[in-house]
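Novice: All chains should be built: construct the whole structure from the sequences, respecting the hints.
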Amino acid sequence: MVSESPHLGHQQELVQEDSDTRSLSMTSRRGPRSLPPIPSASRTGFAEFSMRERMREKLQAARSKAESTLLQEIPTPRPRRLRSPREKELETEFGTEPGEEVQRTQQEDDSQSYSRVKFRDSVRKIKSKPPVPPGFPSAEEAYNFFTFNFDPEPEESEEKPKAKNRDGTNQEEEEGEEEEPPVQGEHKTDEEELLSAKDDEDFLLGLDHRAEDFVAVRPADYESVHVRLQMEKELLFVPSRLTVPTYKKLPENVQPRFLEDEGLYIGARPEVPRACQNIMENRLLTQEPGRKWFGDDGRILALPNPTKGFPSRPPILTREQDIKAELETLYKKAVKYVHRSQHMIGSGDPPGNFQLDIDISGLIFTHHPCFSREHVLAAKLAQLYDQYLARHQRNKAKFLTDKLQALRNAVQTGLNPAKPHKSLDTTQKAINEYKSEIRQTRKLRDAEQEKDRTLLKTIIKVWKEMKSLREFQRFTNTPLKLVLRKEKVDQKADEEAFEAEIQAEISELLEEHMEEYDQKMEGYRAAYQQWKAWKKAQRAKKKKKKQAVEEHPDGEVEEPYPGEEPVKPVPPEPTDRALVEQQVRERAARSRRRPGEPTLVPELSLAGSISPNEQCPRAEVLRREDVKRRSIYLKVIFNDKEVSRTESRPLGADFRVHFGQIFNLQIFNWPESLTLQVYETVGHSGTTLLAEVFLPVPETTIVTGRAPIEEVEFSSNQHVTLDHEGVGSGVPFSFEADGSNQLILMTSGKVSNSVSWAIGENGIPLIPPLSEQNIGFRSALKRADAISSIGTSGLTDLKKLAKWAAESKLDPNDPNNAPLMQLISVATSGESYVPEFFRLEQLQQEFNFVSDEELNRSKRFRLLCLRSQEVPEFRNYKQIPAYDREIMEKVFQDYEKRLRDRNVIETKDHTDTHRAIVAKYLQQVRESVINRFLIAKHHFLLSDLIVEEEVPNISILGLSLFKLAEQKRPLRPRRKGRKKVTAQTLSDGDIKVLVNVIRAYDIPVRKPTASKFQQPARSSRTFSEKRAASPTTHSPTHSADYPLGQVLVRPFVEVSFQRTICHTTTAEGPNPSWNEELELPFRAPNGDYSTASLQSVKDDVFINIFDEVLYDVLEDDRERGRGIHTRIERHWLGSVKIPFSTIYFQAKIDGTFKIDIPPVLLGYSKERSLILERGFDAARSLSAGSYITLFITIEPQLVPGESVREKFDSQEDEKLLQATEKFQTECALKFPHRQCLTTVTDISGKTVFVTRYLKPLSPPQELLDARPNDPQATAELVARYVSLIPFLPDTVSFAGICDLWSTSDQFLDLLAGDEEEHAVLLCNYFLSLGKKAWLMMGSAIPEGPTAYVLTQEQSHYLIWNPCTGHFYGQFDTFCPLKSVGCLIGPDNIWFNTQQYDSPLRINFDVTKPKLWKSFFSRSLPYPGLSSVQPEELIYQCTDKAAAAELQDRIEKILKEKIMDWRPRHLTRWNRYCTSALRHFLPVLERSRGEDVEDDHRAELLKQLGDYRFSGFPLHMPYSELKPLIEAVYSTGVHNIDVPNVEFALAVYIHPYPKNVLSVWIYVASLIRNR
Amino acid sequence: MAAAGPSVFLLMVNGQVESAQFPEYDELYCKYCFVYGQDWAPTAGLEEGISQITSKSQDVRQALVWNFPIDVTFKSTNPYGWPQIVLSVYGPDVFGNDVVRGYGAVHVPFSPGRHKRTIPMFVPESTSKLQRLTSWFMGRRPEYTDPKVVAQGEGREVTRVRSQGFVTLLFNVVTKDMRKLGYDTGPPDTQRASGPSPPQGLPR
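In order, the protein sequences belong to chains A and B. Here the first sequence is numbered in numbering that gives the first Met the number 0, starting from 0 and rising by one per residue. Here the second sequence is numbered in numbering that gives the first Met the number 0, starting from 0 and rising by one per residue.
Some hints could be false.
Said to hold, decoys possible - Simulated crosslink set (DSS-like; lysine-lysine; CA at most 27 Å straight-line):
1) K1407(A) to K1214(A)
2) K74(B) to K889(A)
3) K74(B) to K877(A)
4) K485(A) to K466(A)
5) K858(A) to K175(B)
6) K749(A) to K640(A)
7) K395(A) to K491(A)
8) K1147(A) to K1229(A)
9) K858(A) to K74(B)
10) K179(B) to K877(A)
11) K1097(A) to K877(A)
12) K179(B) to K858(A)
13) K1412(A) to K1229(A)
14) K397(A) to K456(A)
15) K1331(A) to K1377(A)
16) K991(A) to K147(B)
17) K395(A) to K442(A)
18) K147(B) to K877(A)
19) K1412(A) to K1331(A)
20) K1409(A) to K1214(A)
21) K1221(A) to K1409(A)
22) K175(B) to K877(A)
23) K115(B) to K147(B)
24) K115(B) to K30(B)
25) K434(A) to K397(A)
26) K1454(A) to K1501(A)
27) K1214(A) to K1245(A)
In case anyone wonders, no lab produced these hints; they're calculated from the structure. Keep in mind the model is a prediction, meaning the values are calculated, not measured.
Specialist: Structure, rendered in structure tokens:
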């Protein structure tokens, strides 16, 4: 209906119009006018226009008319509404022709009117009115639009018809008509003109006008629809809907080519509406001039419809589908179901409308339980008669006789020499063949004749029996009657024929016998000859033997003749003719009708009468009654389903049932089986299935009308015994009176039926296609889609399918056939593969651009995968190369090695097997824990993502109000918390570790005795110069103490972190003050600044204190005045080691630390007498040592990782767990910062109540035996043993995820643990020593939250640091423990509720409930929790040899390392010194580094008198090599670069039980004094 | 080296943060930064920037014009983790506190040429009405801990946001060696690039 041409026409017209307006504006002003209305209604025959539209039309007509007349008379500028939008609408909406035509006419109009109007144009008007730019409505137009008043009413009646029959070209008529309206219109337009002129003037001169002129009334801005449409037209492109002619879409001079016609397969195109296609084609043609989008056939290129014809998802047999099926309303035509109707209506559609006609005509019982004896005989008779008839029909005997005759003739002629043209051989051969054939035929004929005769005899016999039976029972039950018709024969001819026959036979037989005789004779002769020869030979032998016997008279036993002595052959007897003749005659008499005897032809008829009931005995009557009660029906079973059944028919007295019904089966499924079931109904008692009759499915050639009625026999095996004359079934019965000669008969019968295919209305047989039969398809419906039925039916024969495919000439390119073709190809290639599964992405294979193996082989892909899995080695791998070849194989080496080594224990890295195992175990535990928590890491909380102010509560509000009144700059400013930075935004160089070294106390001082080797004068001089430069507060006192002015020590601090080293300036004296800030950059491992990664940083911050010693190296004293030649040496005094993880978690570390000073510092001493300063001694009564005050922090402050928010499962009692939670919340409420610990996580991730860890466990006996009398010494020894177990923070091993507590035996096995494990073990040891001991949870410096052990001595408490083995008094100011949260005993937990938590200020008396809140109290008594600790610890003695070996290895490695660290210098080893040191180390171990210095020094002096010696022993617990190396490195011994320096290094390992090793390293540098 | 074939491709982005439409707010400034994957590295130019404060234009459009230039060059081996520009706009609230007015992110266009993108901006919502009130009082609106969160998908499910306005960005994208490495981003449709691309969702 809608066509596209209006667009085109419209465009043309627009162009025209534009040119018009342009010419107008340039040359003359011609009022464009609108057309008379389009009589579209009449033209297009839209009579059903609404009234309203007609009115509108009329209105328009009137208006346009008025305008046109106006134009002609007074050519004033008209509003440029050439066409009203209404008109346009009409054009686009209605037919093509009217619009075009109208426009054409309009153009003509224009031209006409133009010529006419032109001369009348007044120049004046143009001058007064500026031409309106085309495309925009002038103000006047706009005004007109709103104000123009039409008055069409008066002319309505006359306008209407005219408007309808108006022709565009009929200009005169139009003019003539327009007389009335112009008057009005003229008048109005004049007015408008005036107005608009004024407006325009205003508009033009507006700028120059006075102010009041600005208040001009202006029409509202309006963009006319037309103009807008025009604008849109410029902007928008609307493609046409017209069909594009084919030649446009094809290159020039190319005929469209239809591939389909050429026989190629081009699938089904997706369906797209024609209009859409046209639009698309038009758009493509306009936008892209190239024709690449069009195919050879001139249509848009399109892929075949991708929709699959069959579902790829197997049907879902769930409830959902049921619901859906229930919801779906399906219309079904009402079907009248007629029971036992002639038609079985199949529900379905025509494609499967195949019909099988089953004609069941009747049923005859050949035996039935209700048969009387007579019936049995009758049935037998009938059967025999049937046989007879059948034989008679075939008449085989006759046929054989004829054949025999013919053969004889042939033989006769063959023997006749009158036929000489045949070669003798062939005739002889043929005759022989004939003869043998004659023999065969004769035998057959005899057999047939004999059968015929016996049959006849039997019939007669049965009939006689029947007759005798009838006579005996004196009634007849069957109408059977046998009549034997005698056919007279010509006796003489018959006899002759008989005789001739016999003679012929005899002669033949004789001939045969003769032949036989000849053969036998021949055989006899040969045998006889043989026999004779043998006889002769025998005789000769005998003679010889006789001679032999004579020669040897002693009478040997004569051997009997061997058994094989041939018998003398008997010559065959010649046949006797008489005998043969007798045989033949006998046979003939037996099998043949005697000559002259009449031929008997039995004829069975039903002409007999049945005795009526009255004449019958009671039993017979009963039988007849019984038969009458019985009825029979048949069920038709098709494919094991009952499809119909016959009517129930009564069983006749003759046991025949006639049905005569035809069933038309409309089928869908290929018939597999067709069965009739015979049912018998006896009275009303019910039905029994007698038998099943299987009917053959007819061949496709058998159609209705051609099908013969066939009889199909059936029989039943049921056993029926009846109490009347009926013989029953399966029951023996007899005809004889004495019951002999029994018979057993089974129910049997015959169904006469015919099955055939029906023929449809148009003569087409309704047979399922042949093809399906071939491939054994079950369903006719699935013919269209072979593959699906192949999938479903198991009976597929692929060979046949292939054959069928070849025969049916499938298009192999058709995608519909693709699966089939593939299947066939698979089948023919031998490997059958039919997937029996459903695959979700069955097209995945097509999208794989490389095979999976290839993809896995790609190194780049592997790298990307590993990185995305966040495998530690690759987590932060940057810039994975773009090509495989750029990825080095070694990238994976570490990772692969780790995977490989997961179960292999590598002893190379670890010098000790046990520790290797432990390390491996730890690694595995760590991995599993990390994997468990990796997921938890990705769970975000709102606070992780969004910073939001907390809702202030009243107190905070109050505080903030209070703050308003606060001083802006308080006198005592408070520290403001720094802003924390989340780790993820950081990168290298962003983080710095700030170390503020403030001051140190009690640094060892140089021994004055050292001056023996030095030149005190020199060094003092140099020093005094220095001192002048940097006078310290302490120096005056020192100088006062030392009369020579020699400084005690000049210490400086060096901080090393991640091999970056910073040091302070040098201060002076044993109590120096530096107050310097050192800045060390921090680099995260692999550049990974995530929280987890930062937590696992194992680096330590080493703070080493050195003494700077200046040596004068001036060779010549005479030059002293002119130059200074000194060498700076530094001597290591001690160190403090702070793990980065501690700094990270604490955010800042502020405090005074004990400096770890080696037990022997040669050349230095702590001369207490010299440093009697401000009563420090009192405070340091127990723990003497050097101390340093430090402030360490990280800039910017990092947010420490939070522990995982996960609740672990537990085996604790639920009540206990609830109590712990309650206890903890209560404690946290009161003292939120105090550590309260009730439950901990054990190594398998289960929550355990903490007191279960505490249990007395005995320390190694070796330790107890060492100092049996001194309990304090024993305790120290035990503490030392515990501290020798290496420290490994959980946060490092488990990346801050959680704090795992291992039991003491696990701890000893692992030989690694953090404070808790150490503390637990130590506490257990103390408990077993009989001390009162508690686990003390608190925070210390620098560890942060930690665990210490508290013991109660007689009068005081001791605080033990389990990791160092040091102990402190309660009031020791330098005790690192700064706050106490709770105490844990073996049976209770006490929370500190005192005001203070510093150990200095609290009371440790846990019996006071006011001070200590206990977990178990009277309300919750201690339930007696069993311990998780083992019964006792078993200590194995450490292998001393292994320790010695390890000692050697460590020494060797350390030596190599020192040489490595001095790459530019020669490293000499002083063996003498080394051996001396080696001897000294065990002494140190024995005395635990105390009080040996003097002896040692003396010994060394004695041995190395002329060396300047600096060195010290280091003592560490052994965990692995790296810390040892780090420790040696941090001492800086290797840094000495004096040319003739020598080194000494000795290692001693003292083994403690359970593989706990105490390592001593003595490292020294020696400089020979000149 | 060049003969052997490039091992990285380069992506040069320049352009500007042109203007914004925040109907209710005035005197805003914006920050931008780039978020990119591990295989990316900036080679030249500024990765992040902060603009001047701009006031609304006096005309009807009331546009906030920054015309703040972006100029950065990346190199990469892998298009995975293609750079995204993350914008965050801040401005004073009633009390003069600087509060965030919008977050937004968009991928750098991957086809070379001139592209204009209009990003809808959003801010996280307070968790409760009381929170909203107090945050309004205190001038501490909820903010993302890191603006780069808006370029990621992880963890966003815990947040609620509200739409705030639009920022218009102009990109001029030049790529080098991408095709040689097998990534064909293809030249864009020439007509589309030159034609007026209609800003979606932008009120006219």
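Novice: If you check each hint against the structure, which ones fail?
Specialist: none
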